[in-house]
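Make a model of the complete structure from these sequences and hints.
Quick note, the sequences are listed as chains A and B, same order.
So for the first sequence, this note's numbering puts the first residue at 1; every next one is plus one.
So for the second sequence, this note's numbering puts the first residue at 1; every next one is plus one.
Heads up, none of these hints are tricks.
You can't tell identical chains apart in this list, so a pair holds if it fits in one copy or across any two.
Derived EDC-like pairs (lysine to aspartate or glutamate); straight-line CA-CA distance at most 16 angstroms: (1) 341 <-> 307; (2) 226 <-> 298; (3) 226 <-> 376; (4) 226 <-> 91.
Hints are computed from structural coordinates only; laboratory data are not their basis.
There are 2 protein chains.
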Amino acid sequence: MSDEIDAPPAELPQSEPVAPTGVSRRGLLGLVGAGAAGLAVGGAAGAGIAVAAQASTTPSGTSSTTYPFFGEHQAGITTPVQEHLHFASYDMMSRTTREDLISLLQDWSYAASRMTQGLDVSATGAVGGPMESPPDDTGEAVGLAASGLTITFGFGPTLFDNAGQDRFGLAGQRPPELEPLPAFLGDALDPAQSGGDLCIQACADDPQVAVHAIRNLSRIAFGRAKIRWSQLGFGRTSKTTAAQTTPRNLFGFKDGTANILADDSAALAADVWIAQDQPGWMAGGSYLVARKIAMIIESWDRVRLSEQQRIIGRDKAEGAPLSGGDEFTAPDFEATGANGKPLIDQRSHVRLAHPDLNDGVRILRRGYNFVDGNNDLGRLSAGLFFVSFQRSPAQFVTLQRALSTDAMNEYIRHVGSGIWLVPAGATTGSYVGAALFA
Amino acid sequence: MSDEIDAPPAELPQSEPVAPTGVSRRGLLGLVGAGAAGLAVGGAAGAGIAVAAQASTTPSGTSSTTYPFFGEHQAGITTPVQEHLHFASYDMMSRTTREDLISLLQDWSYAASRMTQGLDVSATGAVGGPMESPPDDTGEAVGLAASGLTITFGFGPTLFDNAGQDRFGLAGQRPPELEPLPAFLGDALDPAQSGGDLCIQACADDPQVAVHAIRNLSRIAFGRAKIRWSQLGFGRTSKTTAAQTTPRNLFGFKDGTANILADDSAALAADVWIAQDQPGWMAGGSYLVARKIAMIIESWDRVRLSEQQRIIGRDKAEGAPLSGGDEFTAPDFEATGANGKPLIDQRSHVRLAHPDLNDGVRILRRGYNFVDGNNDLGRLSAGLFFVSFQRSPAQFVTLQRALSTDAMNEYIRHVGSGIWLVPAGATTGSYVGAALFA
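Have a look at this one:
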């Protein structure tokens, strides 16, 4: 169905650097200073290979689905959307070098190639190492199955150009489109929840598996990169396969009915994957846009049903467009009611976001609901963590600008934002982004 | 197995007040001012009964487990612990009356009796009401099954005596034991994450179902009570049935091996349920203690495996006591190693918390892991949301005091705390706490 599923089964990674003997295992985990990390890492990854067959974790549990880590594309884009998300944005630490960045991507890829197969981050893992060392793996996923875990890495604009600084010698390879998103009408962005040099999207059907992945990747990054912001999500808000029922967002409406499906290879080629005429590290990649959208749910909950439906442009029960039919009937924006007015309001969300009114622009949505507790007024801090993949940021920009008059805007606030280029998948034994440094 | 399971299947609630004709449906949802809420509510609940058979939601989905809401005990105590938690603490709003409190408990019980059966909060629910009114139900759980939802209500000390004020005419019925927990060594409690007049524990196997429950109960409380603080959790940290595997906490260790099991009726009677010689609203209830325990996971993750195991007193791989055997072998605190020292350290968590060293004191644990994003240093804000049930707060106090020298304390901070009396279960058609107001 998806490219991930068609790809060959993942093999244990074969790291490119040869392992020097006697390299410290602490190097793998980045527990040394940033200066030394780049040196130790390749070797540690190599050292891991030698005993990889002795994986300390035997997955068990109910969701043993695994997706290959290596392949043409990174997993987590066309993968059938899982139930839980842990997303994290990272900044490279000051005084880190190009070699630190390379070693980080190597270490991350190695750990991700294992965790996505239901294994600990290293061969010795949580309990198989020396008693007198901290374990490589933090252990809370021991005994849990892979749970469909995917780990997807992205490169932000600042990795290439940080306020004019070319920290990693990458400025010359920055695609012109990889730049911060423009300001949109009504943006209320918090810089502490926006941007970042790197991002990791971890999705799994078990939240503990997704959390374990981000926690261990953050630990591996120690001394090289640190979390800038992070977000947990649940209850996918996007249908990505024909078999999935359309889920509901926290406004209580079905969401993602018209999403690009993971088996629609024509749409994926046209709208999601960066074209093959682009540099090799990009071709087959995709641009990831994340938007943290706070929903003013207490206000929304006081809106009468007819008005809620007018704002969305669909009925709440079935998700059918207000022009009639069922959930999967195409909306008819010309249809009018007895009063001569359009059945689907001009400012409705479904109309403004529809490809027909946006020169055919489509994106692959892969968002999650979130609840971050409550605010000082006792209201739930909740909303939609919107994630979309597209071959060009211009697709998102076009759609988001079209939504500037969305009647829904009264009930939402965009409080976080980021864009990253998700490079092509890693070839077996290599690492994500390797071609960028070739 | 549990009392809940033995109880007769829930019937649709028969509210005690008779429905006045023409009562506003808005009354049910508390969308009127606090003054009027008490009046409208009983009637609205009654009005709901008349059309309850026309429930607008037909549950579907994968986890159709339902637990009865009505019964001798409230559900959510001995119920096999579900995968997800949404816990909320509420304060009654200023100028609310005894009648407001009664109406709130009636409305909450009515809605809970429906939601736990996979139904919307009312008969008209999310989409069955008039188009020109806000829907009774917020809708995000439409199409989702009951998912094992339990909703458990508790009464805090301040409901009976708020700094000397007897707001609800309940001071005379306050059990002497229902008082704020004493201060413990090392407490770092945040008042904004502690206490509260009322609490609701919503547990379900689908996080969206648990969130839907708290959201709708908060909405129903509008004008009468508001959320003081709330907490989401995942990955239960307590084994409550013999069939459940022992889960792992965020220190990577199995947690809850020696928990009271839900089918151990002798232990439940001795340690969990408030005795039958207590007033009827209490007998068969239990005291709920919640502690938000932040884990300093980055520090823990740098501790060598031998030291982690020494602190816990069990091995990390299997959870066996360091005195030998397997997970379920009783720890032998007298056993010594070749060096003559005890195999289980004197300050280990397993020893200090063990009933044998605490006059046989046991509690029923029912906690969850949590991750609340990250702090400014890029570290995950994570830990354990500890929940326990006991027939007397003294049980928890004894154990927590014993833990004052726990070697684990270096890696944890208690940042939130609360105690509530969970009254007995509601009889069919009545509401939780009814006997308190008789």
